[in-house]
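> Order-wise, the sequence lines are chains B and D.
Heads up: the first sequence begins at 1 in this note's numbering, then just goes up one per residue.
Heads up: the second sequence begins at 1 in this note's numbering, then just goes up one per residue.
Heads up, a few of these hints could be off.
[Stated by the list, open to error] To give an idea of the chain D side of the interface with chain B (calculated C-beta under 10 Å), a few residues:
1) D111
2) R207
3) F208
4) C259
5) L307
6) G311
For the record, the hints were derived by calculation from the structure and aren't laboratory data.
Idealized CB from N, CA, C, for every residue including glycine.
Number of protein chains: 2
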Amino acid sequence: MNTTAVNTTPGALMLAEIREQPDVLARQLDTELERIRSVAAHLRAARPTTVLLAARGTSDHAAIYAKYLIETTLGLPCGLASMSTFTAYRAQARYENTLWIAISQSGGSPDLIQSTQRAAHCGATTLAITNSPDSPLASTSQMSISIEAGTERAVAATKSYTASLQAIWLLVDLWSGGDGSAARTLTDHMRRQVDRDDVLEVASRYRFIDRVITVGRGFSYPTAREGALKMMETSYVGAQAFSGADLLHGPVAMVDTACPVLVVGAAGMTADLLAPVVDRLHDRGADICVVGPPSVQARLPAAIRLLTPEGVDERLAPIVQIVPLQVLARQMATDRGHDPDQPRGLSKATSTR
Amino acid sequence: MNTTAVNTTPGALMLAEIREQPDVLARQLDTELERIRSVAAHLRAARPTTVLLAARGTSDHAAIYAKYLIETTLGLPCGLASMSTFTAYRAQARYENTLWIAISQSGGSPDLIQSTQRAAHCGATTLAITNSPDSPLASTSQMSISIEAGTERAVAATKSYTASLQAIWLLVDLWSGGDGSAARTLTDHMRRQVDRDDVLEVASRYRFIDRVITVGRGFSYPTAREGALKMMETSYVGAQAFSGADLLHGPVAMVDTACPVLVVGAAGMTADLLAPVVDRLHDRGADICVVGPPSVQARLPAAIRLLTPEGVDERLAPIVQIVPLQVLARQMATDRGHDPDQPRGLSKATSTR
């Protein structure tokens, strides 16, 4: 039976879920847009003055994306929540004009549920973004959005990440007065990303690495973070993600000819900010792979490249650019004889306090 | 001449500055307390409802410390600023009730100066915490605090880090109605930390590592981050820092018997939150070193340990606990034949955009 085959081929689940992403994004637009519109309308009326984002793992990278999007689109001060402030230190907070957004695929981690309840108790408006609309996190939040990614079976999250990003983009676009229509261009771009052979060359070059550094800036930084996490959890590589500026403030010293660097390029001003970082990495002899569209590749010289489509809005690009890194992580894992559907030491839903 | 000797022995500058820390903390208390008190009084009157912290490198870890301290002591929503929001995306922000705190040893990095100016333009109250009271960052900010660490010559920051932490602790303690006197206990604790032989055992065990993971939680998380940075920039080790909870959400898969883990323990509830993390690390066969006082060591079983003093308030402990990691990073670097005073590819003041 097909189901059995899917369960026994290493990485088959992860690959199937990577390929499912264009359909997931299209379906979410069809079924969830009105729900997201009503949440956006509520937020326009509530006029929060501050936004806090609570999440862990892959969802934490969706939270970093949300932070850039909210700051640049809505101009609100925005931060990533430290859950231990509530779970370890029982803080009394003044959150009267604060929007607390909790992002979680499973909606089940106790620290996220407890800190969301505490945030509400301290006056925050709470919103859950989950793949589990009946989860404790969704139930305990005042509002919730379902990302509608469908059941995710591979331990390494893929479709729930891009579905979270699109839901966040839609929310912020509608909140700021847009109509969400630009997301309709994503599905076609995604279809061209999910099956690609150029990843094989990078996977082959990275066959025996023990460490890798990923670099982004602004909207490409969450992609660098999520790409690093995929490699850590499927290929057991010591993958470290940095913002290009933070890398130069110390960590660049550890870069040498034996340490590959994967630079996630983005268009516009971000490419300008990454250019001096790439220069410094070349000075250190790094083997560089640039992920990005042809126009960015032309500005960031590299030994190898992973092309992504030209002309995608920089705020939507993270949804497209993560795909080659998902495919790469799966390929590296299976090349090394690991099963990225069942990484050692991990289970699908992680409970932390 | 002595000066020449200091300049030619690898790591001599860094060691001298590590040893200087007790005196730096005492001097700051003597000369800066009144200045910090007047800033605190201004903030009590201004009543900001949100705090953003802007910093890079070592100062970014001081910012993470400030975030926990402000959240748990003052209950204000608090976040780390993304400078590219201004430098790359030219965002228009609504910062009327926001306090923007910029932390920098040199006070000279263009991104920090530009984003602080933009934050003020968008309505924020701006405060600089620097080791250079005449720097462009201090001059452009509405208020400034000098950490009075004296000239820091080693590229790897040590005394400017602990001096920043103490200045932040004093500010928050005075802001919340305290008298800052608890900091007076730090100097004695620090004197017992700066010269210690137990670090030699850990440095010897880590002589040939290529990667290391550091773990903290809550107030011990900035110590894990700063310890990792010290090892990256002086010993060129791929050091990755995680909050204990974030580690379990994926990255723990890469931990194996070849990857040492350094756990920065803290007292109270934080030790409870780290105990299940240490259990999971043992399941993965990790070689664990715990940094912490005897009571915490008793709860977190490990192969080796770095003892820190018992009874230090958890909010002040990060100032004391970073010291053995500074000493360790310097020892590892010199054991490997590197000069931590002049790491490859780095200069003392880093300019990023």
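> State for each hint whether it applies.
The hints, checked one at a time:
{"no.": "1", "hint": "D111", "in the structure": "holds (6 Å)"}
{"no.": "2", "hint": "R207", "in the structure": "violated (16 Å)"}
{"no.": "3", "hint": "F208", "in the structure": "violated (13 Å)"}
{"no.": "4", "hint": "C259", "in the structure": "holds (8 Å)"}
{"no.": "5", "hint": "L307", "in the structure": "violated (22 Å)"}
{"no.": "6", "hint": "G311", "in the structure": "violated (18 Å)"}
When each numbered hint is compared with the structure, violations occur for hints 2, 3, 5 and 6.
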